[in-house]
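Protein chains in written order, with my numbering: chain A, 10 to 122; chain B, 242 to 525.
In case anyone wonders, no lab produced these hints; they're calculated from the structure. We put the beta carbon where it would ideally sit given N, CA and C, even for glycine. Some hints could be false.
No more than 20 Å apart at the CA atoms, straight line, and that leaves these computed lysine to any residue pairs for SDA-like [unchecked claim]:
| hint | chain 1 | residue 1 | chain 2 | residue 2 |
| --- | --- | --- | --- | --- |
| 1 | A | LYS95 | B | ALA482 |
| 2 | A | LYS68 | B | GLY302 |
| 3 | A | LYS68 | A | MET116 |
| 4 | A | LYS113 | B | LEU304 |
| 5 | A | LYS113 | B | GLY471 |
| 6 | A | LYS95 | B | ALA387 |
| 7 | A | LYS113 | B | ALA244 |
| 8 | A | LYS95 | B | VAL393 |
| 9 | A | LYS59 | B | GLU446 |
| 10 | A | LYS59 | B | MET453 |
| 11 | A | LYS59 | B | LEU450 |
| 12 | A | LYS90 | B | GLY395 |
| 13 | A | LYS45 | B | MET453 |
| 14 | A | LYS95 | B | ALA382 |
| 15 | A | LYS90 | A | ILE39 |
| 16 | A | LYS100 | A | SER77 |
| 17 | A | LYS90 | B | VAL374 |
| 18 | A | LYS45 | B | ALA387 |
| 19 | A | LYS90 | B | GLY308 |
| 20 | A | LYS113 | B | TRP378 |
| 21 | A | LYS113 | B | GLY308 |
| 22 | A | LYS113 | B | GLY395 |
| 23 | A | LYS113 | B | ARG467 |
So the derived label-pair ranges between C-beta atoms look like this [unchecked claim]:
| hint | chain 1 | residue 1 | chain 2 | residue 2 | range |
| --- | --- | --- | --- | --- | --- |
| 24 | B | LEU291 | A | ALA40 | 50 to 56 Å |
| 25 | B | SER418 | A | LYS59 | 58 to 64 Å |
| 26 | B | TRP408 | A | GLY89 | 53 to 59 Å |
| 27 | B | PRO455 | A | LYS59 | 15 to 21 Å |
| 28 | B | ALA497 | A | GLU52 | 38 to 44 Å |
| 29 | A | GLY102 | B | ALA244 | 26 to 32 Å |
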Amino acid sequence: MRRLAIPLLGLVALCTFLAAGAPADEPPEIALVIEKNRFSPEEIRVKAGKPFLLVITNKDGAPEEFESRDLKIEKIIPAGKTVRLKMPALKRGTYGFVGEYHEKTAMGQIVAE
Amino acid sequence: MGATFVITLREAFEAALLLGIVYGYLDRIGAREQFRWVTLGGALGLAASLAMGLAVSFLSGPLLDAGPDVIGAAVMFLAAGLLTWHAWWMRQHSRAIKGQLEHRIDEARRAQRLWIVGLIAFTGVFREGAETVLFLWGVMAEATDAVGWGSVAGGVAGVGAAALLGWAVFRGGRRVSLARFFDATTALILFLAAGLFSAGVGRLEGLGLLPMSPQLWDTSWLLSDRSLVGSFLAGLLGYRARPSLFEALAYAAYLAGAAILLFRPRRPAAQVAVVGAGQRAARG
């Protein structure tokens, strides 16, 4: 019985994993690109109350830090890399973000509605 | 140049402050020979920052997505815990002095594991170290003209200015009386730790490990925590222009808990025990 326990647990875990990964539950992906020290798009519209995945690609030759004081997120996006950020379900409202390393040019907002 | 100066000053300020405090602490308890713990901790913190900077630049996938954030949050809580522990020790020293028992400092020195101050130096440097390293690297990568190199100079000067401030804390600490030094640095450390603890809770909100709580107030029109003055207050006291409910609660709860731990009146029984220990030490 004990020998069976681990494979059985593994199977259960696998099923849970597959169920969790089913397309119906997958949060929508929203792309955000950093280029020439600016974000594109500078305004992201999302549905309030629905989690989403922010896929940030840094096309510049220098690292950038995606930072949002409103959302309590600080995330380094290395040069030429893509980072996938899980975003929580947001209440209606506007949430600002900046590229901390280029605050004067890199800024934008997420509007949840 | 000005912009990069403010950014690196902001990032390095907390680390410099902590280094100034722990070097000052060792100096004041007459343990200069233990400086190496702090130096080692700081150097390891710098090495870890460089390693982290390299790691995030070369990693990709899930490790890059979540790894650095989890480490970042863990470092904040670790630092807050270590600082509380250290404050508790300084409080013991402070009490020993007020009781005219200066020689007890020696005892305290032997009793406290001084490597803890080394760990404080490590967490202090590592907390914002990787960000500072990557930022400076980015500025250098972009420097192609005089303006670009001016930015590099600004960034380096920012780290230098932070180091000077840390040095000023160290020097200033030598001018005040020992009791005052312990009291002042204990208070400073508690506010620092409260800020770290509350920032850690905020980070957990951002990571989705805690639910998002509503924003409690917005004083960014009055004093943005990104400005020079605001950054200092953020580093020193944990000032936030737009704190969430949980961040504010964490800050208040930490301060209240630490105050109870450190400032509650000493029970007579405990006093007797300490005096007894002192007599034994004097006899032995």
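Here is how each hint holds up against the structure:
{"no.": "1", "hint": "A:LYS95 - B:ALA482", "result": "25 Å, violated"}
{"no.": "2", "hint": "A:LYS68 - B:GLY302", "result": "17 Å, holds"}
{"no.": "3", "hint": "A:LYS68 - A:MET116", "result": "16 Å, holds"}
{"no.": "4", "hint": "A:LYS113 - B:LEU304", "result": "30 Å, violated"}
{"no.": "5", "hint": "A:LYS113 - B:GLY471", "result": "18 Å, holds"}
{"no.": "6", "hint": "A:LYS95 - B:ALA387", "result": "39 Å, violated"}
{"no.": "7", "hint": "A:LYS113 - B:ALA244", "result": "9 Å, holds"}
{"no.": "8", "hint": "A:LYS95 - B:VAL393", "result": "33 Å, violated"}
{"no.": "9", "hint": "A:LYS59 - B:GLU446", "result": "16 Å, holds"}
{"no.": "10", "hint": "A:LYS59 - B:MET453", "result": "13 Å, holds"}
{"no.": "11", "hint": "A:LYS59 - B:LEU450", "result": "16 Å, holds"}
{"no.": "12", "hint": "A:LYS90 - B:GLY395", "result": "27 Å, violated"}
{"no.": "13", "hint": "A:LYS45 - B:MET453", "result": "32 Å, violated"}
{"no.": "14", "hint": "A:LYS95 - B:ALA382", "result": "29 Å, violated"}
{"no.": "15", "hint": "A:LYS90 - A:ILE39", "result": "16 Å, holds"}
{"no.": "16", "hint": "A:LYS100 - A:SER77", "result": "15 Å, holds"}
{"no.": "17", "hint": "A:LYS90 - B:VAL374", "result": "17 Å, holds"}
{"no.": "18", "hint": "A:LYS45 - B:ALA387", "result": "19 Å, holds"}
{"no.": "19", "hint": "A:LYS90 - B:GLY308", "result": "15 Å, holds"}
{"no.": "20", "hint": "A:LYS113 - B:TRP378", "result": "19 Å, holds"}
{"no.": "21", "hint": "A:LYS113 - B:GLY308", "result": "28 Å, violated"}
{"no.": "22", "hint": "A:LYS113 - B:GLY395", "result": "16 Å, holds"}
{"no.": "23", "hint": "A:LYS113 - B:ARG467", "result": "12 Å, holds"}
{"no.": "24", "hint": "B:LEU291 - A:ALA40: 50 to 56 Å", "result": "31 Å, violated"}
{"no.": "25", "hint": "B:SER418 - A:LYS59: 58 to 64 Å", "result": "60 Å, holds"}
{"no.": "26", "hint": "B:TRP408 - A:GLY89: 53 to 59 Å", "result": "38 Å, violated"}
{"no.": "27", "hint": "B:PRO455 - A:LYS59: 15 to 21 Å", "result": "19 Å, holds"}
{"no.": "28", "hint": "B:ALA497 - A:GLU52: 38 to 44 Å", "result": "41 Å, holds"}
{"no.": "29", "hint": "A:GLY102 - B:ALA244: 26 to 32 Å", "result": "29 Å, holds"}
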